[in-house]
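Novice: What follows is each chain in one-letter form.
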Amino acid sequence: MFDNILSGFSAILAVGPILGIIVGVVIGITFGAIPGISCIMAIAIMLPMTFYVDPIIGITMLLAVYKAGIYGGSISAILINTPGAAASFLTAQDGHALTKAGKAGKALDMSLFASVSGEMLATLVLILVAAPISAISLQAGPIEKVFLLLFAFTVIGSMAGESIPRGLLSCCLGMLFAMVGMDSITGSSRFTFGIDELIGGFTFTPMLIGILVMPEVINVIRRRKVPHHELAITQSPNPADNHISFKEFRGVFRTILKSSGIGTFIGALPGLGSSTAAFIAYGEGKRTSKNPEQYGKGSVEGIAAAESANNAVCGSSMIPMLTLSIPGDDVAALLMGAFLIHGLTPGPMIFFEHTETIYAIFAGFLITDLFLLGIARSGFKFFVKMASLKRYFIFPCVTVFAFTGAFTAGQNMDDILVLIAFTVLGYGMRLVGLNPAVFIIGFILTPFLEQNLDQAFAIVGDDYAKFFASPFSWVFIALSVFFVYSSMRAKRKASKIPAPAAEEKPA
Amino acid sequence: MDRRKIDVVLSTFLIIASVIILTNDNLAEGGADSEMGILFLPRVVASFIIIFAATIAIQSFMKLSKGAAMEGQEVITTDGFSGIFIYVGIFVAYWLAVPHFGFMVTTPFVMLGVAYLLGGRNWLPIILMSGITPVLIYYGSREYLRVYLPIWTL
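Protein chains in written order, with our numbering: chain R, 1 to 507; chain W, 508 to 661.
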C-alpha cells in the first residue's frame, strides 16, 4: 500500500493535476460562498468540462470543487447568516454571532482550520480503510451483492427522505427511469414506446444537471424579490479578534479530533450525510465543553465541532462508494457518475484495475487540503468579493453552463430536452417532498442490481432457497430492517419535537 | 396550495402507471431470453411503487377527510411561481432557437432575459457579460473540449 501511495503522489505532482486542483479549489470556494449555490451545482457544472481530460486531472478537480465547496458554504453562513446547506446551519449560528461582534476573521479562520483538519483525518482513514474493505468485499458473489444493493436502497431511501415512504418512492422512481432503453443483458428495449431516441436511455449528465442543479436555479428565480445581501468581513480594532491564535486552536483541537472522528464514521454510513454529522458532533462538543452556554452565541469551539464533522464527511463518504459501489449521498452519487464517465467503475475491483489512478486521486485528496488552506487563507477578500456578485450576473451564466454541459455529453439537442424535462421533474419532486438525490442513487445503482440479480438467478436456478444460504444475505436483511426501524423511531421522535420558528430552507 | 391533494392525485397516477407495468407485456420488445425475464425487475419496482404511493395517498387522504390543519411542509407557497414559468419558457425557447440561430446568436438574448427576470437593470455590465460569455464558451468548447456548439443554419 505504501508503494501505491508513493506512486499516487508521483502521479499527482505534475502540472496538469496541480492546475486542476487549484482551479477546483478556487471554483469550489467561490461557488460554495455564493448564497443559493451549493457545491453540488458547482460539481455538476464542472463535470462536462472534465470529460476530455485525464481521469486523474478530471476527478481530482471535481473532488477539489467538492471539498472547497463544502468549506465555501461556511463563508456565507458566517458573514450573512445564510447557510448554503443544512450542514452549515450550526456554523451560521456561532459564526454570525462572532461576525456581529466584529470577529468575522476569527470565525472564518476557525472554520477553515477545522474544515481542513476534518477533511485530512477523513482522507487518511479513507486511504487506510478503503483497500482492506475492498479486499473483503471482493469475496462477495452476485447473491451477496444483490442483498448489499437492496440494503443500500433501503437505507438511503429510508434515511434520506422526508418520510420513509417518500424516500423509498424516490428511490423506486429512479430505478424505474434507469430501466428505460435497451437492456444491456438481453438487448431488448423497455419503456421506449417506439421512440428511437429513448433506446439509449436517459443521458446521465443532462439528467443529473436537471434533477440536482436546475431546481436550485429555479429556487433563486422564485425568491428573486428577496433583497440581495452583500458579503463583507467585519474588522475589529483589536488584531487578536481578526484571526485564530495557536493557543485558541490548541484549545479546541480535542473537539476537532473528536468531531472529525464522528464525521468520518457517519460519512462512511450511507444515507446519513453531513448535516447529521454536524448536529451530532455539535451536540457532543456542547455536552463535553467547559463553556456549553456559549454554544450558539458565538462559540469558536462550536464552529470547530460543526465544521470539522461536516467536512470529514467528504472523505469518508467515498468509502462505501469506492469499496462497495454505494454512494452514500447526492454528492457521492454525482462523483460516482463522474467516475463511471471517466471509465472507472467504483467497487472493489477499482483498487486492482486502476491502482495508480485511485491512489493518485487519494494523494490529490490530501494535496487539495493543503491548497485549500493556502488559497482560502490568502484569498478571503477575493472570495468574499466574488460571492457578493449580484445574482443577475451569476445565474444567467449558470443557465448557459447548464445548457452547454448538457449538450457536451452527447453533442445532441435532444439532451437539452432531457435537461428541461428533468428540471421540471426535479423541482416538482422537491415540492411534493420526494428526494432527488435518492432518485439519482436509485438511477445509478439499478444497472448493477439488475446485472447481479441476473447472475444470481443463473446461479440458484429453481432452488430459490440458495438466495438465503449465505450468512451475508441474512446480515444485510437484518441491517436493512434495523435501519428502517431506527429511521422510523428517529422520525417519530423528531415529529414530537415542536418545529423551530419559521426558517426558510432551500426547497 | 395543499400538498395533500397533490399527494392523492400523484399517487393515483403512479399506482395506475404501476398497474400498467404489472399487466402489460408489450412494454418490452426484442432481445434474448434471460434467467429472470426482462420485465421482472420493473414489475418488482412497480409493486413497491404501488405500496409506497398508496401509503402516501392514504395518509394524505385521511388528513384531508378529517379536515386536519396543514402542517409545515404540507403547505406549498406559490409566491414567485410566475418567474418559474417564465424561466422554463425561456429555456424551452432557447432549446428551440439554438438549432436555427446558433449558440452565439441565441445565448446573449437568453442571458439578458434571465438577468432581467432576476431584476438586473445595470445594463452595460449585463450586455458585456451576455456578449463575452457565449464567445468564451463557444471557442473554449471548440478548442479545448472538441465540442462544437450549434451554429447559424437559417
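It is worth saying that the hints were derived from the structure and are not from the lab.
Heads up, a few of these hints could be off.
Unchecked claim - If you want a taste of the chain R side facing chain W, the calculated C-beta under 10 Å gives, among others:
1. P48
2. M49
3. P55
4. G157
5. F193
6. I195
7. K390
8. F393
9. Q411
10. L449
11. Q455
12. A456
13. F468
14. F472
Claimed, not checked - Dumping the calculated BS3-like pairs for lysine-lysine here, alpha-carbon to alpha-carbon at most 30 Å:
15. R:K297 - R:K466
16. W:K573 - R:K100
17. W:K570 - R:K247
A virtual CB, placed ideally from N, CA and C, is assigned to each residue, including glycine.
Novice: Indicate, hint by hint, whether the structure satisfies it.
Specialist: Status of the hints after comparison with the structure:
1. Annotation: interface hint on R:P48 holds; nearest CB of chain W at approximately 8 Å, less than 10 Å.
2. The interface hint given for R:M49 holds, since its Cβ lies 7 Å from the closest Cβ of chain W, which is under the 10 Å cut-off.
3. The beta carbon of R:P55 comes no nearer than 15 Å to any beta carbon in chain W, farther than 10 Å, and the hint placing it at the interface is violated.
4. For R:G157, the interface hint holds, the least distance from its beta-carbon to any beta-carbon of chain W being 9 Å, beneath 10 Å.
5. Hint status for R:F193 relative to chain W: holds, with the closest Cβ pair at about 8 Å, below 10 Å.
6. For the restraint placing R:I195 at the interface with chain W, the shortest Cβ-Cβ distance is roughly 12 Å, beyond the 10 Å limit, so the hint is violated.
7. For R:K390, the interface hint holds, the least distance from its beta-carbon to any beta-carbon of chain W being 7 Å, beneath 10 Å.
8. The restraint placing R:F393 at the interface with chain W holds, with a minimum CB-CB distance near 6 Å, inside the 10 Å limit.
9. At its closest, the beta carbon of R:Q411 sits 6 Å from a beta carbon of chain W; the interface hint therefore holds under the 10 Å criterion.
10. Taken as an interface hint, R:L449 checks out: its beta carbon lies about 7 Å from the nearest beta carbon of chain W, inside 10 Å.
11. Interface hint at R:Q455: satisfied, since its Cβ lies 8 Å from the closest Cβ of chain W, which is below the 10 Å cut-off.
12. Checking R:A456 against chain W: minimum C-beta separation of about 9 Å stays under 10 Å; hint holds.
13. Look at R:F468: its Cβ only gets to about 17 Å from chain W, farther than 10 Å, so that hint breaks.
14. Hint status for R:F472 relative to chain W: violated, with the closest Cβ pair at about 20 Å, above 10 Å.
15. Of the supplied pair hints, the one linking R:K297 and R:K466 is violated, its CA atoms being roughly 58 Å apart against a limit of 30 Å.
16. Of the supplied pair hints, the one linking W:K573 and R:K100 is violated, its CA atoms being roughly 47 Å apart against a limit of 30 Å.
17. In summary, the hint linking W:K570 to R:K247 is not supported, as the alpha carbons are separated by about 56 Å, beyond the 30 Å threshold.
The earlier numbered hints that this structure contradicts are 3, 6, 13, 14, 15, 16 and 17.
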